[in-house]
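Asks: Residue-level listing of the chains:
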Amino acid sequence: MDRIVFQGVGKRYGRQWALRGVDVTFRQGEVVMIIGPNGSGKTTLIKCLLGLVRPTEGVITVEGTVIGNDPEYRRSIGFMPQISQFPPALSIGQLLEMMLDVRGLKAGETDDRLISALGLDQQLDKRLSALSGGTCQKVSAALALRSRPRLLVMDEPTAGLDPVSARTVLAHAEEVRAQGGTVLITSHLMEEVEALADRVAYLQDGELKFLLPIAEILQRTGAPRLAQAIPLLISGSV
Amino acid sequence: MGKVFKYTLVDLARNRFVLAYAFLLLLLSEGLFQIEGDPIKALLSLVQVVQALVPLIALIFTIVYIYDTQEFTQLLAVQPIGRSSILGGRMLALGVALVIAQVFGLGLPLLVHGRSIAAVLLFGSAAALALVFSALGTLIALKQRDKARGVGIGLAIWFLFVLVYDALLMWLMFAFSDRPIEPLVVPLAALNPIDLARIAVMLRLDMAAMMGYSGAVYKEFFGSTVGIGAALGIMAIWIIWPTWRCFRFFQRKDL
Chain A
1 MDRIVFQGVG KRYGRQWALR GVDVTFRQGE VVMIIGPNGS GKTTLIKCLL
51 GLVRPTEGVI TVEGTVIGND PEYRRSIGFM PQISQFPPAL SIGQLLEMML
101 DVRGLKAGET DDRLISALGL DQQLDKRLSA LSGGTCQKVS AALALRSRPR
151 LLVMDEPTAG LDPVSARTVL AHAEEVRAQG GTVLITSHLM EEVEALADRV
201 AYLQDGELKF LLPIAEILQR TGAPRLAQAI PLLISGSV
Chain B
239 MGKVFKYTLV DLARNRFVLA YAFLLLLLSE GLFQIEGDPI KALLSLVQVV
289 QALVPLIALI FTIVYIYDTQ EFTQLLAVQP IGRSSILGGR MLALGVALVI
339 AQVFGLGLPL LVHGRSIAAV LLFGSAAALA LVFSALGTLI ALKQRDKARG
389 VGIGLAIWFL FVLVYDALLM WLMFAFSDRP IEPLVVPLAA LNPIDLARIA
439 VMLRLDMAAM MGYSGAVYKE FFGSTVGIGA ALGIMAIWII WPTWRCFRFF
489 QRKDL
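Heads up: the protein sequence lines correspond to chains A and B, in order. 1 is the number of the first residue of the first sequence in our numbering; add one for each residue after it. 239 is the number of the first residue of the second sequence in our numbering; add one for each residue after it.
These are computed hints drawn from the structure, not numbers from a lab. Don't take every hint at face value.
Unchecked claim - Within a straight-line C-alpha distance of at most 25 Å, the following computed DMTMM-like cross-link-like pairs (lysine to aspartate or glutamate) qualify:
#1 B:K381 x A:E57
#2 A:K126 x B:E309
#3 B:K241 x A:D125
#4 B:K491 x A:E207
#5 B:K491 x A:D70
#6 B:K491 x A:E57
#7 B:K241 x A:E97
#8 B:K491 x A:D205
#9 A:K126 x B:D492
#10 B:K381 x A:D121
#11 A:K209 x A:D198
#12 B:K241 x A:E109
#13 B:K244 x A:D101
#14 B:K244 x A:D121
#15 B:K241 x A:D121
#16 B:K244 x A:E109
#17 B:K241 x A:E72
#18 B:K381 x B:D492
#19 B:K244 x A:E72
#20 B:K491 x A:E72
#21 B:K241 x A:D70
#22 B:K241 x A:D101
#23 B:K244 x A:D198
#24 B:K491 x A:D23
#25 B:K241 x A:E207
#26 B:K241 x A:D112
#27 B:K244 x A:D112
#28 B:K244 x A:D70
Start from the sequences, fold in the hints, and give me the full structure.
Replies: What follows is the structure, encoded as structure tokens:
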């Protein structure tokens with residue numbers, strides 16, 4: 001079943017098109033990796049979906065609802081941004097409580113396993129201003145996954161995380177897929193993409209060049225690994 | 239809006255800048271009351287200090303806070319809450335935090351040393367100025383993507399209201415000193431919230447005589463019920479107008 005549908009979506013900043021003519025469908029129960037060079041439109045695509053940016057043209061539908069001014073569709077979304085910055089004077093515990101409150105959830109309605117898996121339960125009183133970049137990322141991951149999202153969006157989720165924490169976070173993302181959720185991840189790490197993704201979306205100059213299952217990419221190019229297959233596919237030599 | 243307000247206020251309550259602002263005001267107010275023997279003289283000095291300092295701190299602190307919490311605003315904006323709730327909660331918390339700092343820094347010394355209607359007016363006008371310039375600061379921070387540029391614009395606006403506007407009015411009065419220019423100067427002065435606040439307190443301190451013929455015109459206008467209503471109305475417009483612009487702009491802003 002289609003969970004997210006982009007129809008002719010484009011976004012222009014001034015005269016520059018950051019995204020143009022994107023028609024794409026993301027299904028439930030799949031992990032899609034969104035890749036592309038810097039400035040290719042990955043973040044703009046995600047921001048359009050999250051309602052942070054209003055598309056200049058086109059329509060985005062999430063679970064049958066055309067996204068507009070009503071923020072209710074975001075109840076099913078968990079988002080882990082690339083850079084996490086929180087109110088410095090709050091503690092981790094206060095932030096978790098705040099986001100619970102903002103989402104209108106009660107204690108017991110959340111999945112707090114990631115909080116303990118990442119060791120955050122031992123640091124609940126710690127001020128957010130005192131956290132390292134990696135711990136901020138852990139908090140961000142916990143916030144994204146805590147509300148049991150049906151749609152999980154992660155922007156470079158493993159950047160700044162130690163390998164063990166990165167694996168833990170990605171394992172929870174896989175769990176979302178296993179429960180029928182949709183996971184969209186942007187990443188530059190091909191090994192990560194290959195290990196987790198069902199399909200790969202490649203963006204360049206704001207245009208979606210392809211959205212293919214990994215197996216098909218490897219089959220078409222004949223390359224053993226995605227890192228070798230993607231350049232072949234982009235160059236058009238296959 | 240209430241939830242965003244509550245947690246932003248909790249964050250601001252521990253903000254070092256807000257605490258430093260409260261202590262600076264306390265130091266200045268208490269210092270002036272100690273140095274000047276006469277509470278009226280101390281109030282007069284305090285009017286000048288407060289009505290230059292409050293707009294500056296409110297503008298710059300708001301601009302810097304909005305920029306520094308941009309990523310967190312984004313995180314709030316992907317939650318199932320409307321943008322007006324996010325902005326409303328944040329603006330209200332900023333305004334309330336500044337006013338609470340003023341309660342400690344300015345309100346307490348006024349309560350101890352200078353209990354009078356003029357003191358109440360001074361505190362009230364300082365609170366109104368904090369809200370006006372915090373709203374203007376939010377508008378600047380929302381419209382300008384670059385932090386340094388935003389702070390620069392904030393400083394320019396403060397300079398305009400505190401110094402340039404008065405200099406222009408003075409020039410107008412000198413240039414047309416042979417004509418009855420005062421009836422024009424009164425509404426012009428009232429358009430500047432800082433001047434409006436200053437005039438209100440000065441008149442209550444019976445300093446109209448020191449302001450010459452303009453003082454008499456001010457007293458005649460602002461001493462009347464219509465004048466007081468107009469002054470309150472103008473101050474309210476100075477709070478509502480930038481706030482309304484902020485809401486309109488934030489609704490369609492790309493975050």
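Asks: State for each hint whether it applies.
Replies: Consistency of the hints with the structure:
1. Between the alpha carbons of K381 (chain B) and E57 (chain A) the distance comes to roughly 23 Å, so the proposed pair stays at or under 25 Å and holds.
2. This hinted pair checks out: K126 (chain A) and E309 (chain B) have alpha carbons roughly 20 Å apart, not beyond 25 Å.
3. About 20 Å separates the Cα atoms of K241 (chain B) and D125 (chain A), which keeps this hinted pair within 25 Å; it holds.
4. Proximity of K491 (chain B) to E207 (chain A) is assessed by CA-CA distance (about 23 Å); at most 25 Å being required, the pair is judged to hold.
5. Proximity of K491 (chain B) to D70 (chain A) is assessed by CA-CA distance (about 15 Å); at most 25 Å being required, the pair is judged to hold.
6. Of the pairs offered as hints, the one joining K491 (chain B) and E57 (chain A) holds, with about 16 Å between alpha carbons and a cut-off of 25 Å not exceeded.
7. For the hint linking K241 (chain B) to E97 (chain A), the alpha-carbon distance of about 11 Å falls within 25 Å, and the restraint holds.
8. Of the pairs offered as hints, the one joining K491 (chain B) and D205 (chain A) holds, with about 23 Å between alpha carbons and a cut-off of 25 Å not exceeded.
9. Taking the CA atoms of K126 (chain A) and D492 (chain B), the gap is near 32 Å; set against the 25 Å cutoff, the hint is violated.
10. Under the criterion of a C-alpha separation no larger than 25 Å, the hint pairing K381 (chain B) with D121 (chain A) is inconsistent with the structure, at around 39 Å.
11. Straight-line distance between C-alpha atoms of K209 (chain A) and D198 (chain A) comes to about 17 Å, which keeps the hinted pair within the 25 Å bound.
12. Restraint check for K241 (chain B) and E109 (chain A): the C-alpha separation of about 19 Å stays at or below 25 Å, so the hint holds.
13. For a cut-off of 25 Å, the pair hint linking K244 (chain B) to D101 (chain A) stands: about 11 Å separates their Cα positions.
14. At roughly 23 Å between alpha-carbon atoms, K244 (chain B) and D121 (chain A) fall within 25 Å of each other, so this suggested pair holds.
15. Proposed proximity of K241 (chain B) and D121 (chain A) is supported: the alpha carbons are some 23 Å apart, at most 25 Å.
16. Only pairs whose Cα atoms come within 25 Å are accepted, and K244 (chain B) paired with E109 (chain A) is accepted, the gap being roughly 22 Å.
17. A distance of roughly 17 Å separates the Cα atoms of K241 (chain B) and E72 (chain A); the hinted pair therefore holds under the 25 Å criterion.
18. Straight-line distance between C-alpha atoms of K381 (chain B) and D492 (chain B) comes to about 11 Å, which keeps the hinted pair within the 25 Å bound.
19. Distance check on the hinted pair: K244 (chain B) and E72 (chain A) sit about 21 Å apart at the alpha-carbon level, within 25 Å; holds.
20. Distance restraint check for K491 (chain B) and E72 (chain A): the Cα-Cα separation of roughly 19 Å lies within the 25 Å cut-off, and the hinted pair is therefore satisfied.
21. Our distance criterion of 25 Å between C-alpha atoms is met by K241 (chain B) and D70 (chain A), whose separation comes to about 18 Å.
22. Restraint check for K241 (chain B) and D101 (chain A): the C-alpha separation of about 7 Å stays at or below 25 Å, so the hint holds.
23. A distance of roughly 42 Å separates the Cα atoms of K244 (chain B) and D198 (chain A); the hinted pair therefore is violated under the 25 Å criterion.
24. A hinted pair counts as satisfied when its Cα atoms are at most 25 Å apart, and K491 (chain B) with D23 (chain A) qualifies at roughly 24 Å.
25. Only pairs whose Cα atoms come within 25 Å are accepted, and K241 (chain B) paired with E207 (chain A) is rejected, the gap being roughly 39 Å.
26. Taking the CA atoms of K241 (chain B) and D112 (chain A), the gap is about 21 Å. The hint holds against a cut of 25 Å.
27. With a C-alpha separation of about 24 Å, the suggested pairing of K244 (chain B) with D112 (chain A) holds against the 25 Å cut-off.
28. In summary, the hint linking K244 (chain B) to D70 (chain A) is supported, as the alpha carbons are separated by about 23 Å, within the 25 Å threshold.
Of the numbered hints stated above, those contradicted by the structure are hints 9, 10, 23, 25, listed in ascending order.
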